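In case you want the letters, here they are:
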Amino acid sequence: MFKIKALLSALLLAISLNAEAAMRVVTSTQDLAAITSAIGGKHVQVESLTLGTRDPHYAVAKPSMIHKVYRADLLIVVGADMEVGWLPPLIQSARNPRIQLGSSGYLDTSSVIPLLGKIQGPISRNMGDVHANGNPHYWLDPRNGIRMAKAITERLSILDPENSEVFQRRFNEFEKEIKEKLMAWQERLLHLNKKPVVAYHNSFLYLANAFNFNIVDEVESKPGIAPSAASLNSLVKRIQQEQIGFLIIEPYYEKRSANFLNKQTGIKVIVLPQSVGAYPEIMTYFDLFETIVQALEKAGDS
Amino acid sequence: MDYLCCRFQWLVAVGVLTLSPSVVLASDETDALRRQLVEMKQQMQSLQNAYEDKLNTLENRLSGLEEKSNKPASVNPAPSSPINSVRSDATGNSSDFQISLTGLFAAGGSSVDNDALEGLQAGAHDPNQNGFTVQNVELTIAGGVGPYFDAQANIIYQIDNEGETVVELEEAFFVTKSLPFGLQVKGGQYYTEFGRHNVLHPHNWSFVDTPIILTRFFGGDGLRSQGARVSWLAPTDWYSEVYFGIQNAKGETVTSFLNAAGEEIAGRTLLDRDVRDFNDLLYSVRWLNGFDVSDTLSMNIGLSGVWGPNASGLDTDTQIVGADMYFKWQPEYSQRGFPFVSSHTEILKRWYELGDNNDPSHDELRDTGFFTQVLWGFSPGWVAGLRAEHAYASGNTSTDPLRDNRSRLSPNLTWYPSEYSKVRLQYNRDWTQHLDEKTADSLFLQVEFSLGSHSAHKF
Numbered sequence: 005m006f007k008i009k010a011l012l013s014a015l016l017l018a019i020s021l022n023a024e025a026a027m028r029v030v031t032s033t034q035d036l037a038a039i040t041s042a043i044g045g046k047h048v049q050v051e052s053l054t055l056g057t058r059d060p061h062y063a064v065a066k067p068s069m070i071h072k073v074y075r076a077d078l079l080i081v082v083g084a085d086m087e088v089g090w091l092p093p094l095i096q097s098a099r100n101p102r103i104q105l106g107s108s109g110y111l112d113t114s115s116v117i118p119l120l121g122k123i124q125g126p127i128s129r130n131m132g133d134v135h136a137n138g139n140p141h142y143w144l145d146p147r148n149g150i151r152m153a154k155a156i157t158e159r160l161s162i163l164d165p166e167n168s169e170v171f172q173r174r175f176n177e178f179e180k181e182i183k184e185k186l187m188a189w190q191e192r193l194l195h196l197n198k199k200p201v202v203a204y205h206n207s208f209l210y211l212a213n214a215f216n217f218n219i220v221d222e223v224e225s226k227p228g229i230a231p232s233a234a235s236l237n238s239l240v241k242r243i244q245q246e247q248i249g250f251l252i253i254e255p256y257y258e259k260r261s262a263n264f265l266n267k268q269t270g271i272k273v274i275v276l277p278q279s280v281g282a283y284p285e286i287m288t289y290f291d292l293f294e295t296i297v298q299a300l301e302k303a304g305d306s
Numbered sequence: 026m027d028y029l030c031c032r033f034q035w036l037v038a039v040g041v042l043t044l045s046p047s048v049v050l051a052s053d054e055t056d057a058l059r060r061q062l063v064e065m066k067q068q069m070q071s072l073q074n075a076y077e078d079k080l081n082t083l084e085n086r087l088s089g090l091e092e093k094s095n096k097p098a099s100v101n102p103a104p105s106s107p108i109n110s111v112r113s114d115a116t117g118n119s120s121d122f123q124i125s126l127t128g129l130f131a132a133g134g135s136s137v138d139n140d141a142l143e144g145l146q147a148g149a150h151d152p153n154q155n156g157f158t159v160q161n162v163e164l165t166i167a168g169g170v171g172p173y174f175d176a177q178a179n180i181i182y183q184i185d186n187e188g189e190t191v192v193e194l195e196e197a198f199f200v201t202k203s204l205p206f207g208l209q210v211k212g213g214q215y216y217t218e219f220g221r222h223n224v225l226h227p228h229n230w231s232f233v234d235t236p237i238i239l240t241r242f243f244g245g246d247g248l249r250s251q252g253a254r255v256s257w258l259a260p261t262d263w264y265s266e267v268y269f270g271i272q273n274a275k276g277e278t279v280t281s282f283l284n285a286a287g288e289e290i291a292g293r294t295l296l297d298r299d300v301r302d303f304n305d306l307l308y309s310v311r312w313l314n315g316f317d318v319s320d321t322l323s324m325n326i327g328l329s330g331v332w333g334p335n336a337s338g339l340d341t342d343t344q345i346v347g348a349d350m351y352f353k354w355q356p357e358y359s360q361r362g363f364p365f366v367s368s369h370t371e372i373l374k375r376w377y378e379l380g381d382n383n384d385p386s387h388d389e390l391r392d393t394g395f396f397t398q399v400l401w402g403f404s405p406g407w408v409a410g411l412r413a414e415h416a417y418a419s420g421n422t423s424t425d426p427l428r429d430n431r432s433r434l435s436p437n438l439t440w441y442p443s444e445y446s447k448v449r450l451q452y453n454r455d456w457t458q459h460l461d462e463k464t465a466d467s468l469f470l471q472v473e474f475s476l477g478s479h480s481a482h483k484f
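Taken in sequence, the protein lines are chains R and G.
In my numbering, each number is its position in the first sequence, counted from 1, plus 4.
In my numbering, each number is its position in the second sequence, counted from 1, plus 25.
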């Protein structure tokens, strides 16, 4: 009898230990993973499906991803069509009832963001890779980072109510830190005020909004469509006429077009990381903006 | 709940307003004034941003309401928590209903005539005549069916060599999404999960035509039939999935099995054999493993087997086994998924019992074949490919186009102008025994367009 009791209590202990194991969170990008870690701390075990060095739109549903999503308690995605090419088959293959669309284990953070760049009027694929529901690169505005963190905090609290106070406290710290740093970052980039800037792809809309500069044109002739010789030449004219000083580009895009524009017009090419993990040293959401601000700060030295 | 978010934006704006003056500590008065001026400008900007945000939010709400009034029933999955509140979109962004139409056309010419070319290009969706071929126009409809099932249907339109339009139900199946223990059931009409290539629809192929050995074992349309399968994700440290399926063994899409009566194999005409018991069904198993070797290299390794009756006798059967390997390399920094190198190899073997035991000409046909293809995405939108294949069989098969010794080498070049279209040029060099010429050279130009929902990115 005693033996059975001991066995039972050992079993119960094992089960309860298992229940206390960190919640498994899988995110589509490293930015979401960084924010989730900031909120969840040791109570969550976070893995990102894609690397910050790559464009998350063009990921594929690799078998290792199926394995991760199958075991997840919570799946957090960027949404706004960012993962449209690979998330549906991934969710189907992973067959995890916890993370199905509409269940508490599925969080699309675009649902709490006022998205910019919505297409008004008729939409056609003649326009290139456009997103009718708005531009999905919203994590590049620190104020949206707070919104994402808030949504993540609330969701973690629903799934793990016992630690909700911890999540809320960590969120308050995160929010406070962003607000403080945002002031400092904005101050360091005062020289960008209203300046016209050219971007390679339309992924810096939110960054421009946060730091008050204007993206007047893109190197790509249409979103997702590589520039042609003609489109580059007309851009050369525009850069010269409007005296556009900077060209911002993600680390993974081809540099030939940017270098061509630099040679023709003298425009400064600034490589900006677009995600946590874009460089190995960018490990947190704060690191991301610190690196961006540093790069843009130097650009103002001339 | 929109007001929460607006209030929040206001807080940010007010925070900037109240905190920023304390930063001004410049001793020089003019400097301080200048900075104050700039800061005021910035504060104005923050306010403006906050307004813009607020306007955006209101706009979202408005458009959401408009859409709601247009659509009486929202197909959106109901969010289970009050968090999903700012954007009330019913625009289909988070809807999983997909509908698309892909058109696949080819123009080509060969050193051999149309009859010979049909023997070489044995896939029903291969370009197989001198001139133009409508390979495949495919309507795909897919989506969630309540909380327990997803479903998909693929309907194909094709124009045959006589100019007649052919409609075929390629696939129509349901698949469960929340069974326990890593189980998943799929049922209906579907491609048998055998190897990696068999389940691909023509617009997902990396070459304009089907590998030789697959057309020999699985016929022009690939191995597909009516039935059900269960798959299990094993609780391993890597991705490991086991499939087990039962399907009907009869029809022209199960060529190596009961096939259509009257068809021939190795000179023997097939009988009209029906299902009498469980032994007359088609059974299939597959074990697929996948893992990341590193951040830049991922791979799949699979083993498949399928067995069932064949119609060369009343009590004859067929077994097919196959092994497949796929790997894909992509550097740490990549633009739109480029550059990459991928390699896909499959090897298959078939044992086909020809005629019943008491039949004097009772025999076992043994056929083997492999193909290996390498793709190199060398620049965004551009992929160069090379495929090498060989197939051979037991016995004297030199006059049989479906069993002779045959090799083919196919280099190709594909350009994707956007995610929704492609243009492909492919050259085929054939070495074959059944043709008098012994070799054939063919050139194909293929164009594809895709309308509707964004199609899936294949690993």
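There may be inaccurate statements among the hints.
As the list claims (entries may be wrong) - Here are a few chain R residues that face chain G, going by a calculated C-beta distance under 10 Å:
1. Ala26
2. Arg28
3. His61
4. Lys72
5. Gln172
6. Asn176
7. Glu222
8. Lys226
9. Ala230
10. Pro255
11. Glu285
Since the hints were derived computationally from the structure, they do not count as laboratory data.
In this text, all values refer to a predicted model and were calculated from it rather than measured experimentally.
Cβ atoms here follow ideal geometry from the backbone N, Cα and C, with glycine treated the same way.
Each hint, compared with the structure:
no. : hint   : in the structure
1   : Ala26  : 17 Å, violated
2   : Arg28  : 14 Å, violated
3   : His61  : 8 Å, holds
4   : Lys72  : 9 Å, holds
5   : Gln172 : 14 Å, violated
6   : Asn176 : 13 Å, violated
7   : Glu222 : 15 Å, violated
8   : Lys226 : 9 Å, holds
9   : Ala230 : 6 Å, holds
10  : Pro255 : 6 Å, holds
11  : Glu285 : 14 Å, violated
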